[in-house]
Structures are given as C-alpha cells and as structure tokens.
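Undergrad: So the sequences go chain by chain: A and B.
Just so you know, we're using this note's numbering here: the first sequence kicks off at 1 and counts up by one.
Just so you know, we're using this note's numbering here: the second sequence kicks off at 1 and counts up by one.
Because the hints were derived from the structure by calculation, they are not lab data.
Some hints here could point you the wrong way.
[To be verified] Calculated lysine-lysine pairs in the DSBU-like style (CA-CA distance at most 35 angstroms, straight line): (1) B:181 - B:85; (2) A:186 - A:216; (3) A:216 - B:102; (4) B:181 - A:20; (5) A:20 - A:216; (6) A:186 - A:151; (7) B:85 - B:102; (8) A:151 - A:20; (9) B:181 - B:102; (10) B:85 - A:20; (11) B:102 - A:151.
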Amino acid sequence: MSEDEDLSPGAADLARLARKNVGHMSDAQHERGLDAIRGFPARRRSEHRRRWLTVGGATSAMAIAAFLLVPRVMQRMHAGPPPLALEVESGAIGPAGAIVARNDEQAALRFGDGTVIRLGSETRGTLAEVDGHGAHVKIANGSAHVSVVHKPQARWLIDAGPYQITVHGTVFSASWDETQQRLDVKMERGLISVAGPVTNGPISVRAGQALTVKLKRSQVLLRDLDRDDVVADVDADADEEVAAGIEAETNAAAATAPAPTAHVKIASKTARSQRAKSWPAALSAGDFDSILDEAEHDIGHVLATRGTEDLAALADAARYRRHDDVARRALLAQRRRFAGSRRAADAAFFLGRLDENGGSGHGPALAWYERYLDEAPRGSYVAEALGRKMIAVEQIHGAAAARNVAEQYIRRFPRGSYAGAAHALLGAR
Amino acid sequence: MAADVRLHRMRLVASTADASEAASDLELAHALIDGAPNAPVLAWERYAPLVHRIVSRAIGPDVEVEDVTQEIFYRLFSRIGTLRKPEALRSFVISFAIRIVKWELRRRRARRWLTLSETGDVPDEQQMVMDAESRYSLRRLYSLLDRLSTRERLVLVLRHVEGMTLEEIAEAMELSLATVKRGLRRATLRVSQLVDSDDPKRRPTGTAVKRRV
Chain A
1 MSEDEDLSPG AADLARLARK NVGHMSDAQH ERGLDAIRGF PARRRSEHRR
51 RWLTVGGATS AMAIAAFLLV PRVMQRMHAG PPPLALEVES GAIGPAGAIV
101 ARNDEQAALR FGDGTVIRLG SETRGTLAEV DGHGAHVKIA NGSAHVSVVH
151 KPQARWLIDA GPYQITVHGT VFSASWDETQ QRLDVKMERG LISVAGPVTN
201 GPISVRAGQA LTVKLKRSQV LLRDLDRDDV VADVDADADE EVAAGIEAET
251 NAAAATAPAP TAHVKIASKT ARSQRAKSWP AALSAGDFDS ILDEAEHDIG
301 HVLATRGTED LAALADAARY RRHDDVARRA LLAQRRRFAG SRRAADAAFF
351 LGRLDENGGS GHGPALAWYE RYLDEAPRGS YVAEALGRKM IAVEQIHGAA
401 AARNVAEQYI RRFPRGSYAG AAHALLGAR
Chain B
1 MAADVRLHRM RLVASTADAS EAASDLELAH ALIDGAPNAP VLAWERYAPL
51 VHRIVSRAIG PDVEVEDVTQ EIFYRLFSRI GTLRKPEALR SFVISFAIRI
101 VKWELRRRRA RRWLTLSETG DVPDEQQMVM DAESRYSLRR LYSLLDRLST
151 RERLVLVLRH VEGMTLEEIA EAMELSLATV KRGLRRATLR VSQLVDSDDP
201 KRRPTGTAVK RRV
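When you get a sec, could you build the whole thing from the sequences and use the hints?
TA: Here you go:
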C-alpha cells in the first residue's frame, strides 16, 4: 500500500475493528435468505404486474422529493452541529467522564435540547460522549431515569451493563444490577430497543411496558406495567414455581410451563395496529397479542397452512406471552412440516426449554437439547443448548456425569453465560 | 431439461474437492441463465456470505443489511441475462452488489434529509456480540463514513476493510484505475483527519460542557 493510501493509526484501528467484527453472516440470516430466494419466482410475477402501476406514481413522487430536498441539501452544506450544551446538576463530570454525585444527592445531566438523564443514588455512571445529536451514557451499576426530547437525527445511547438501549424520543427508567446481573427497563412514553446478551437481537419495548432480563438465568420478561402481580412474581427470583408460572423467556431461553389462566391472559394495553401486519413484522414491533389473537381464532388451520416464518413468529409471540400450549403446537408444527430446516432444528431447542420449565422434567428437555445439538451443530442456540444440557445432565445423573458436558462447554464457549456454572462443576471434583 | 442436466452435472462437479471454482461458476451461470429451478438456491449458497460481507462492511452494522443482501440476489436473478461472460460470474456478482449498495447508500442519504431519524425508521439496529467500547467505535467509524461521498466511502471500505486490490475495485465499480486511486487518496486523507480530530475521549470534558457547582 502506498503512503497516499495509508490511514492514520487511529483510522487504521477503526478499519481493523470493522474488518474483525462486521460482515459475518449468521446461520439464521443464511436460512432466512434461503427461504426468501425460494419464493423468488412468485415475487417476480407480482412485481411485473405492479411495475406499470407504480411508474405514474413514481414520477409525481420524484417531483415532490426534489422540491423537499432543496432546503435540506442547503442545510447539509454546512458542518455538523456543535456538541449539545450540558449542565451537571448536583454533581460533576470527573476524569474519564465519570458522573460524580455531590454528597448523597442524585446527579442529573441536563442537555441543551431539553433531554434530562437523572441517575439514581449510588449509581456508577459514565458520560462517554456528547455530540450535536445526543450523548452516550453508560451505567455500570444502578439506575437512571431518562427523558429524551425527540429531535431530527437525535442519537442517544444508554448502556446498562452489557445491554445497549437505543433511544430517539422517549421517557423511561433503566437499571442494571451488577451483582444480580439483572436489567430492568420501565417505559413511560415512546419506544426503545434493547439489545445484549440473551435477547437474541433487539427487543422493542413500548410505552406502558417493562422489560426484565436476568442474565444469570438467561431469562427475559416483557410485561405490562400495570400488572402488579406479574411484577411481584418476577421479583420472586428464587421461587422456581412462581417463576415458572409467569416468566416468559426469549429465544435464548424459551418460555415455560402452562401458567394459571390469570397469568396466561395478560391483558395488553399496547395499542393494537389497526392495519394488518405480517407476523414477523408484528413480532419485531412487539405486537405479540395481535399475532395470538389472529392465530387462536383458528389455530388448527394456522398450524396446517402458515409458512415457516409465520410459525416461528407465532411460537415466539406465544412464548413471550406465556401461551405455552400454542407455542408448543407451533413448534411441533414447524418440526413436522418443515423437517430438516434450520427453524425446525431451532424448534427442538425451544421445545426443550418448554419441557424443562413446564414441569415435564429434565428428561424430555435433555432429549430435545441433544436433538437440537445433533441437528444444528453450528446453530444460533448451541451455546444455550449446551449450557442447558449441562444443567439437565447434572439434575438427572449428578455432577460427575455433567463434568464431561461442562468441559465441552468451556472448550467451546469459555466466556459463555454458563461458563461460571461449568467451572463450578469442574471445580467440585 | 438441458438446464436440469447441466445442474446435475454441476452438483457432481461441485462434490469433488478439486473441482475448480471457475468451472463451477460457468455451470452455475448457465444454469441461472437457463432458469434451472435450483440455480438461485445454489447461487445463494455460494455467494451469500461474500455479498453479505460486502454489504454490511459498506453500510455498517444495520438491521437492513439482510434485506439489502436478499434484494441484491433478487435483482441479480432478474438481470442475469445481461451477464456477458458466464465464466466471470463472481466478478459479476460483486459488481452487481456494489452497484446496489451504492444506490442504497444514496437512498439513505436522501432519507436522512427527509425524515426525522438517522435511518428514517424506528431504531431497531442489529446488534453484534461485542463489548460496548467496540460497538461505540464502530458506530463512530460509520458516522464518519457518512460524511464521505458514496464513491469515496465505497472505495475506502473495499480497500481498507474488505482488502480488495485497486484493480479489483476499479473493475467492480466500473471506474478507471486513476479514478479509484484519486478517490482512495481523498477518502483516506479525509477519514484520517476526521478520526484524529474527533477523539471521543475529549468530548465529555470539552468546552461545551458546563458544570453547576
């Protein structure tokens, strides 16, 4: 590479980071693409029909777009906005951006655009960056109440432990308990997405909803805030029966036992979409109830006719909402109708989670995990499946039998969620 | 029928470890042109990881990368008739992917002007398993790349992230070698300056930060 092409050391570091971390295609992405490619001939026919209809509309749209673009182009000719002004109330910014509260008060960051981030008492937080579009705040331990004013191009990032919360205009509180490895998010207004370990991609949290992630148990619960009984159950961390009665787990750790009716029918105050959405779209928007309403209207027909994507979306929605029977039927239909596919293999893992937590015992769950590991040796849930297998073997056959699995786990996932449990098993030799 | 026979032969060829990729490309290209039913799936199996990598490195970690990758294949299959050298299917795929990424980057630029959020959508980014510092650094890199022209951004990413040679970039982007060199020189200089002048560690205690005592 000639000197003209050489990046500065800082830029070269960033390029190396991108080369290392960006570009890997997951098995799930590959599989979804394969499904889409198989539907290519049908899409081609329908596009051909639509093409002529859209030509007229596109011409008009281009004229309007050109009209709208001119002022924005002029605006973009100028440099980006200066960093937002910031006042630190009841505290100060220390070295390396640490937010230091004064005495026993609660520090608050007030930004020039009206956004306020108030840290709870004894919260350890860092202001990592402020620019013209927002800021990046990290909470190492403790809580924060966040009220972001919606602005064009706003970019606000809140890290709570290992979880990243992407915000544009909203009010919510977030807390990360380092000891318990537990994330709690309560939404008052707006919409955020939360991503991190065991969330299996971003989870959308809407106004009136609360999200709890227990990293140690690989559990995620999305619930309505007005359900006090749910909150009480969630907090009963050590009580397995109660937990099994209410907690829905994410793709990384699926939902569990048949719950009491009152729990299963969690009333959602989430506004339902008035227009019909595809199930995968409704799932990613957090609109689980609309999927369940539609499916439960004629579940037999749905299970017999819907495609693999819809069955996966239905199973996820049912697991999140604790409709375990529906989840189980959807997963079994996935395996029966799309045998050999990646989703059918994934279904084995989720069925294991349902069995494990649903009172069927560790035996049936172990069989599903082994089936999953056999069918998808490089699948998305291998780490979770191997970890759960280790736990199940320990429960059924004892610690000595589980050490073999623990060694296997440590070898493959030295920093995985179950690494601590695996080391504990090996250390108890 | 001829296409099916060709496809069958191709599978046999592909099953032998020493089959040359060029020969397989030729067979696959003909199968695609002839409309063999399984050819799109085989093309996906062979080229999806490459296309996905180019798209995600050019656009950045984003939930739409998957959609763009699929869209490239849809368009590729629709326009496979324009392939003049079936033996150069790989180059055709890369060139096609880069052309659509270029459109996508321009579309995003327009959408940023027209809408309230950075992407025009509710934020729903695809997250990768990495520490917060790396996530932030990547976000920073791609926000700096947003300040380059589409051509400069692509040339820089293809050279410094994807590791392509200048000649490969010129062929894939359908540009002269001299144009690629000029674009790369400009982009390299610009990004280096932006990175060096945008040290995030200085931001929180910068002049814009006022403190109430």
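Undergrad: Run every hint past the structure and note whether it holds.
TA: Hint by hint, here is what the structure shows:
Among the hinted pairs, residue 181 (chain B) with residue 85 (chain B) is consistent with the structure: their alpha-carbon atoms are about 26 angstroms apart, no more than 35 angstroms. Our distance criterion of 35 angstroms between C-alpha atoms is met by residue 186 (chain A) and residue 216 (chain A), whose separation comes to about 20 angstroms. A C-alpha spacing of about 43 angstroms is found between residue 216 (chain A) and residue 102 (chain B), which places the hinted pair above 35 angstroms, so the restraint is violated. About 25 angstroms separates the Cα atoms of residue 181 (chain B) and residue 20 (chain A), which keeps this hinted pair within 35 angstroms; it holds.
For the given pair, residue 20 (chain A) sits about 28 angstroms from residue 216 (chain A) by alpha-carbon distance, which is consistent with the 35 angstroms threshold. Restraint check: the Cα-Cα separation between residue 186 (chain A) and residue 151 (chain A) comes to about 22 angstroms, which is no more than 35 angstroms; the hinted pair holds. At most 35 angstroms may separate the alpha-carbon atoms for a hinted pair to count; residue 85 (chain B) and residue 102 (chain B) meet this at roughly 23 angstroms. Taking the CA atoms of residue 151 (chain A) and residue 20 (chain A), the gap is near 33 angstroms; set against the 35 angstroms cutoff, the hint holds.
Straight-line distance between C-alpha atoms of residue 181 (chain B) and residue 102 (chain B) comes to about 18 angstroms, which keeps the hinted pair within the 35 angstroms bound. About 33 angstroms separates the Cα atoms of residue 85 (chain B) and residue 20 (chain A), which keeps this hinted pair within 35 angstroms; it holds. At most 35 angstroms may separate the alpha-carbon atoms for a hinted pair to count; residue 102 (chain B) and residue 151 (chain A) meet this at roughly 28 angstroms.
In this structure, only the earlier hint numbered 3 is contradicted, and the remaining ones agree with it.
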